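K.L.:
The lines below spell out each chain.
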Amino acid sequence: DTGVSQNPRHKITKRGQNVTFRCDPISEHNRLYWYRQTLGQGPEFLTYFQNEAQLEKSRLLSDRFSAERPKGSFSTLEIQRTEQGDSAMYLCASSLSGTGSYEQYFGPGTRLTVT
Amino acid sequence: AQRVTQPEKLLSVFKGAPVELKCNYSYSGSPELFWYVQYSRQRLQLLLRHISRESIKGFTADLNKGETSFHLKKPFAQEEDSAMYYCALMSGRSGNTPLVFGKGTRLSVIA
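Chains Y and L supply the protein sequences, listed in that same order. Note that the working numbering numbers the first sequence so that position 52 is 52, with each residue one more than the last. Note that the working numbering numbers the second sequence so that position 60 is 175, with each residue one more than the last.
Read the hints as simulated data drawn from the structure, not as lab findings. Keep in mind the model is a prediction, meaning the values are calculated, not measured. Heads up, some of the hints might be wrong.
[Said to hold, decoys possible] Result set (DSBU-like, lysine-lysine): computed pairs, CA atoms no more than 30 Å apart in a straight line:
1) Y:Lys-14 to L:Lys-218
2) L:Lys-124 to Y:Lys-57
3) L:Lys-180 to Y:Lys-57
4) Y:Lys-71 to Y:Lys-11
5) L:Lys-218 to L:Lys-172
6) L:Lys-218 to Y:Lys-11
With the rest of the complex left out, here is chain L (with noise of 0.2 Å):
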């Protein structure tokens, strides 16, 4: 079965910290995985994809197929941070399929 596990409900870091949000998936396949953000009153939105391999907003996300993990990380936590984080977990194979999501993660960034 698929599944997205974020062990962490809450999070709380100082200002100028670092920052890991842990995610672990269930997948038999190649997984295609997504960090997605909810800012206070905010919709969701997609903050990184792992197949881009990008850096967005400092965050980066790397995937280990051993350990079936996909943790978010950021060297340094700004206050404009503190936002609830969901990892996720595209459901098929061909793309554009519903996503898996874990229960979230609220990061709380100190000043």
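Isolated chain Y, as found in the complex (with noise of 0.2 Å):
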């Protein structure tokens, strides 16, 4: 296990596409992240799951996103009629809980660009 990976690392799509990101996180970790961060910006929070149960979705994830996590080790997050302000890099993360170390372990990102 190499760590947490993102495919496809890169995704060009036109406005009004689906698009689909998938998460492989660290192996043995129960918590998934996903983020999502701009230029000039810090990564924001969009969503979590322990095991496959999704916890909190944030406000920034409107109803064209959707996640899921089905047998609670990868993941995957949809945008549904990608607009050109979907542009950013996605991120995931995933941590394992009841360890006391809160450490978050983050993938390289998805850089989509929607033209």
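Using the hints, put the two standalone chains together into the complex.
P.N.:
Below you can see the structure in the form of structure tokens.
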């Protein structure tokens, strides 16, 4: 296991198309987080999971966004009817709760460009 | 509302000079605060957490609840410290909850 992985690393799509991103967390980690980062900003929280349960969604997560973690392992983030404002870096992170560590391990991100 | 403020977008210092990256937070409770770092072409990674009180790569950060600050300091900057630094606040009280990040400060260490 070499850490959190994300695919694809880059995605260019036309406005109105749907896109799906995948995140594979560190294998024993039960919590998985999605963040979005735009130019000049820090990462902003979108949603997170404990195993397969989605615990919280940010107000940033409009109805066009949906995230799943069906078996408590990998997660997908889908954006429907993309808009130019969706262009950003989408980051995934994972952590293991109950250890007192609190460290979140980040993936390399998926850069989305909506033309 | 929970908020993290990093007032400097860019900080340039000479090698060997002291460094202080500022971070102020807004949180109604006992905060869990972190510094994350992103080196060029690398992923975001944890630098240090306030509760551990460790010195990592020569950096320290002290939580000042009176001033609601968590400034990152290093007495002698090195060229390899050049990176993007983010201060972050854990949003929930139970641990392993989402982070609220500041906008980040780019540190440039000049040889």
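K.L.:
Hints first: check each against the structure and report whether it holds.
P.N.:
Tested hints:
1. Y:Lys-14 to L:Lys-218: 28 Å, holds
2. L:Lys-124 to Y:Lys-57: Satisfied, since the Cα-Cα distance of roughly 29 Å is no more than 30 Å.
3. L:Lys-180 to Y:Lys-57: Cα-Cα ~29 Å, so holds.
4. Y:Lys-71 to Y:Lys-11: 25 Å, holds
5. L:Lys-218 to L:Lys-172: Cα-Cα ~22 Å, so holds.
6. L:Lys-218 to Y:Lys-11: Holds, at about 24 Å.
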